[in-house]
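Read top to bottom, the protein sequences are chains A and B.
Using full-length UniProt numbering, the first residue of the first sequence is number 1, and each one after it goes up by one.
Using full-length UniProt numbering, the first residue of the second sequence is number 1, and each one after it goes up by one.
To be clear, the hints were calculated from the coordinates, so they are not data collected in a lab.
Just so we're clear, the structure is a prediction, and the values are computed from it rather than from any experiment.
Using N, Cα and C, we set each Cβ at its ideal position, and we do this for glycine too.
Careful, some of the hints might be misleading.
Some chain A residues flagged as far from chain B (calculated, every beta-carbon gap over 10 Å) [said to hold, decoys possible]:
(1) LYS102
(2) ASN244
(3) PHE277
(4) THR372
(5) GLN422
(6) LYS424
In silico DMTMM-like links for lysine to aspartate or glutamate, alpha-carbon gap of 25 Å or less [claimed, not checked]:
(7) B:LYS93 / B:ASP9
(8) B:LYS61 / A:ASP155
(9) A:LYS158 / B:GLU118
(10) B:LYS122 / A:ASP155
(11) B:LYS105 / A:GLU54
(12) A:LYS132 / B:ASP45
(13) A:LYS156 / B:ASP127
(14) B:LYS105 / A:ASP192
(15) A:LYS251 / A:GLU261
(16) A:LYS112 / A:GLU88
(17) A:LYS112 / B:ASP127
(18) A:LYS156 / B:GLU64
(19) A:LYS77 / A:ASP301
(20) A:LYS132 / B:GLU48
(21) B:LYS25 / A:ASP116
(22) B:LYS4 / B:GLU112
(23) B:LYS105 / A:ASP116
(24) A:LYS501 / A:ASP425
(25) B:LYS93 / A:GLU131
(26) B:LYS106 / B:GLU16
(27) B:LYS61 / A:GLU160
(28) A:LYS158 / B:ASP63
(29) A:LYS142 / A:ASP301
(30) A:LYS158 / B:GLU64
(31) A:LYS284 / A:GLU269
(32) B:LYS106 / B:ASP127
(33) A:LYS132 / B:GLU112
(34) B:LYS19 / B:ASP89
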Amino acid sequence: MTLTRTFNLCSRRLFSTKPNDYDLIVIGGGSGGLSCSKMAASLGAKVALVDAVEPTPSGVTWGIGGTCANVGCIPKKLMHHAAIVGKEISHAEAYGWLGVKKPDHHWHTLAKVVNDRIRANNWIYRVQLNEKGIKYINAFAKFVDKNEVHTTAMDKKKTERLLRAPKIVIATGLRPRYPNIEGAELGVTSDDLFSLPYAPGKTLVVGASYVALESAGLLADLGYEVHLMIRSIPLKGFDRDCVNKIVQNLKAHGVNIRWSEEVKEVSIENNRKKVNFKNAETGKDSSEDLYDTIIWAMGRDPNVKTLGLKDAHVQTSARSGRILADEFDRTTTEGIYAIGDVVEGRPELTPAAIRAGQLLAQRMFGGSKEITEYEKIATTVFTPLELSCVGMTEEQAVAAHGAENIEVYHSYFTPFEFIVPQDKDSEQCYLKVICMRSSPQEVLGLHFVGPNAAEVMQGFAVAFRKGLTYKDIVDTVAIHPCSAEEFVRLVVTKRSGLDPKVAGCCG
Amino acid sequence: MSIKQLTADGYDGYQETIKSLKGQKIIALFTGSKSLSTGKSWCPDCVEAEPVVEKFVKNLKTDEDLVFITCFVGNRDTWKSSDSPFRTDPNLKLTSIPTLLNVNKKALRLTESQLLNEHLLKSIFQDDE
Chain A
1 MTLTRTFNLC SRRLFSTKPN DYDLIVIGGG SGGLSCSKMA ASLGAKVALV DAVEPTPSGV
61 TWGIGGTCAN VGCIPKKLMH HAAIVGKEIS HAEAYGWLGV KKPDHHWHTL AKVVNDRIRA
121 NNWIYRVQLN EKGIKYINAF AKFVDKNEVH TTAMDKKKTE RLLRAPKIVI ATGLRPRYPN
181 IEGAELGVTS DDLFSLPYAP GKTLVVGASY VALESAGLLA DLGYEVHLMI RSIPLKGFDR
241 DCVNKIVQNL KAHGVNIRWS EEVKEVSIEN NRKKVNFKNA ETGKDSSEDL YDTIIWAMGR
301 DPNVKTLGLK DAHVQTSARS GRILADEFDR TTTEGIYAIG DVVEGRPELT PAAIRAGQLL
361 AQRMFGGSKE ITEYEKIATT VFTPLELSCV GMTEEQAVAA HGAENIEVYH SYFTPFEFIV
421 PQDKDSEQCY LKVICMRSSP QEVLGLHFVG PNAAEVMQGF AVAFRKGLTY KDIVDTVAIH
481 PCSAEEFVRL VVTKRSGLDP KVAGCCG
Chain B
1 MSIKQLTADG YDGYQETIKS LKGQKIIALF TGSKSLSTGK SWCPDCVEAE PVVEKFVKNL
61 KTDEDLVFIT CFVGNRDTWK SSDSPFRTDP NLKLTSIPTL LNVNKKALRL TESQLLNEHL
121 LKSIFQDDE
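Take the sequences, apply the hints, and build the full model.
Dropping the structure here:
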């Protein structure tokens, strides 16, 4: 209390002029914050958007756009594609491009194009904000009270400002978690990976999240020796059969998976990073190894530490530290809203945050009543073979309806483009549809492991939202030849015990 | 502290000018070439943007040295051709004129009506990523 009062007095003294008034202040310029600001401005609101990035321990920082645009989806997908280009090169001779040999990959070239792309996006966001009349403030924000925010700019002068608005939206997202061990600072995270100033070399990826599996997969495909340390369950929440295929495929791409281990400590030895491992169950020392790069990918924590949420009486979850908000995105304080990953229980997905931001702005300034529907959102893990899905996993469907009441149709398949080069990845290409057993066999979930999984799934997600049945799927005439048609050709049920391996091509 | 203003004619002229300015901060305005008889550019958006940008440059207060180049991209047919070097050079990749480009930070660019926006002009001259 005393602290707050002192701070208030200070700020009063610092600012003889009264605070700048807005209709809306948005804190955080990521997917959620940008979409909310832009929609609010287009509905006539006077908007200030406050965004700044706390540099990583190794000094990496970035511009407006948030995780997705700077250190997430965008650079990740570009690097994932770089790996696919490498694979296509190795297929080239089989298709008659004689003499095409895959050279060693050059990290700096890739990191540079990726970062040029990001810089261009930062600039485009800036231009968009400006054209919409949104006041962009490159600064850290701290609540003074529920309607007032104190900002400290990133510029050399550390310019301070006071902003007031009847409505404030928090959209500050998450940042990667570091382990609480000796030498944690010797590792980097996904915040650093895509702009790493040196080639990663032999890399240890620690974690079982999609970030961990994607990073491990793309680095292995770029030619680096990769160890992936998984303490317990990889890709928790995804369909187990599909996850198993992804893990098998990562191994096939050269990723060495270290199961049931934890990092005990990290130290420097001959300019490399020495990692001491311990058994995850017994806690006993298990082994040690030397790496050039260590990537922590063991979860993300809410980016709220410096916001002064207490001064605005915004409550957070005791367990996760994420902000508590209802389906209307209202926090525990009137007039303060929260959207995106920083909110407890929300899916950590850019498109979900974008939609939440738009709909919130429409409710605040456009008289709308529509709220974001978080059910039935499709998503993709961009591992070397991609995993895309919408709806329930088989495990969730069994828990919800009982194994006797559901039907699982599944099949392996060989992507057409893998046949000629005899690509071994086809061994893990697999898909499944989970539906109710009784007519009309309402679909509960669709899962696809293969190339271009995201492209396959997006359209199915539309159908799924509208109440898709198994009959709808198999009554649909296929597009031939492609991978997505495997869905409309699904006939083998798990219950039948028949072999789901590949049948004939055009039969 | 000073702003040097240069003009360059065509792609070769632009390359030559850039080469002579190595290491300096350069902002370039790519605009349609002017007709010899009327003194006016064939590109109406350029005609609109040029005085705005020129006025901005004239009034610009900056604490660093910079060079402002007005570069004429040629007549309508030269520019519209898909293999115009202004379009194909990976350091330029122009798609429309007028374009204002922060040459050292090629992501920082403004096109068409964005050049009429003083806040955006300010950002591009200040390297404000």
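Checked hints:
For LYS102 (chain A), the condition that its CB be more than 10 Å from all CB atoms of chain B holds, with the nearest at approximately 24 Å. At roughly 42 Å from the closest C-beta of chain B, the C-beta of ASN244 (chain A) stays outside 10 Å, upholding its exclusion from the interface. PHE277 (chain A), annotated as away from the interface, keeps every beta carbon of chain B farther than 10 Å; the closest lies near 41 Å. The beta carbon of THR372 (chain A) is kept farther than 10 Å from every beta carbon of chain B, the shortest such distance being approximately 31 Å.
Under the 10 Å C-beta cut-off, the non-interface status given to GLN422 (chain A) relative to chain B holds; the minimum distance is some 36 Å. Annotated as non-interface, LYS424 (chain A) keeps its C-beta farther than 10 Å from every C-beta of chain B; the closest such distance is 36 Å. This hinted pair checks out: LYS93 (chain B) and ASP9 (chain B) have alpha carbons roughly 18 Å apart, not beyond 25 Å. Restraint check: the Cα-Cα separation between LYS61 (chain B) and ASP155 (chain A) comes to about 18 Å, which is no more than 25 Å; the hinted pair holds.
Proposed proximity of LYS158 (chain A) and GLU118 (chain B) is supported: the alpha carbons are some 24 Å apart, at most 25 Å. In summary, the hint linking LYS122 (chain B) to ASP155 (chain A) is supported, as the alpha carbons are separated by about 15 Å, within the 25 Å threshold. Straight-line distance between C-alpha atoms of LYS105 (chain B) and GLU54 (chain A) comes to about 23 Å, which keeps the hinted pair within the 25 Å bound. Between LYS132 (chain A) and ASP45 (chain B) the CA atoms are separated by roughly 21 Å; this keeps the pair inside 25 Å, and the hint holds.
Our distance criterion of 25 Å between C-alpha atoms is met by LYS156 (chain A) and ASP127 (chain B), whose separation comes to about 14 Å. At roughly 21 Å between alpha-carbon atoms, LYS105 (chain B) and ASP192 (chain A) fall within 25 Å of each other, so this suggested pair holds. The suggested pairing of LYS251 (chain A) with GLU261 (chain A) holds, with an alpha-carbon distance near 17 Å, which does not exceed 25 Å. Pair hint LYS112 (chain A) plus GLU88 (chain A) holds up; C-alpha atoms about 22 Å apart against a cutoff of 25 Å.
In summary, the hint linking LYS112 (chain A) to ASP127 (chain B) is supported, as the alpha carbons are separated by about 19 Å, within the 25 Å threshold. Pair hint LYS156 (chain A) plus GLU64 (chain B) holds up; C-alpha atoms about 16 Å apart against a cutoff of 25 Å. For a cut-off of 25 Å, the pair hint linking LYS77 (chain A) to ASP301 (chain A) stands: about 23 Å separates their Cα positions. Using a Cα cut-off of 25 Å, the hinted pair LYS132 (chain A) and GLU48 (chain B) holds, with the two alpha carbons roughly 21 Å apart.
Of the supplied pair hints, the one linking LYS25 (chain B) and ASP116 (chain A) holds, its CA atoms being roughly 18 Å apart against a limit of 25 Å. Taking the CA atoms of LYS4 (chain B) and GLU112 (chain B), the gap is about 24 Å. The hint holds against a cut of 25 Å. Restraint check for LYS105 (chain B) and ASP116 (chain A): the C-alpha separation of about 9 Å stays at or below 25 Å, so the hint holds. Between LYS501 (chain A) and ASP425 (chain A), the direct Cα distance comes to roughly 14 Å. Compliance with the 25 Å bound is thereby established for this hinted pair.
Our distance criterion of 25 Å between C-alpha atoms is met by LYS93 (chain B) and GLU131 (chain A), whose separation comes to about 23 Å. At most 25 Å may separate the alpha-carbon atoms for a hinted pair to count; LYS106 (chain B) and GLU16 (chain B) meet this at roughly 18 Å. Straight-line distance between C-alpha atoms of LYS61 (chain B) and GLU160 (chain A) comes to about 23 Å, which keeps the hinted pair within the 25 Å bound. The straight-line distance between the Cα atoms of LYS158 (chain A) and ASP63 (chain B) is roughly 19 Å, inside the 25 Å bound, and the hint therefore holds.
The straight-line distance between the Cα atoms of LYS142 (chain A) and ASP301 (chain A) is roughly 18 Å, inside the 25 Å bound, and the hint therefore holds. Simply put, LYS158 (chain A) and GLU64 (chain B) have alpha-carbon atoms about 20 Å apart, close enough for the 25 Å limit, and the pair holds. Restraint check: the Cα-Cα separation between LYS284 (chain A) and GLU269 (chain A) comes to about 22 Å, which is no more than 25 Å; the hinted pair holds. Proximity of LYS106 (chain B) to ASP127 (chain B) is assessed by CA-CA distance (about 10 Å); at most 25 Å being required, the pair is judged to hold.
In summary, the hint linking LYS132 (chain A) to GLU112 (chain B) is supported, as the alpha carbons are separated by about 16 Å, within the 25 Å threshold. Between LYS19 (chain B) and ASP89 (chain B) the alpha-carbon distance is near 15 Å, which keeps this suggested pair within the 25 Å criterion.
The structure meets every hint from the earlier list without exception.
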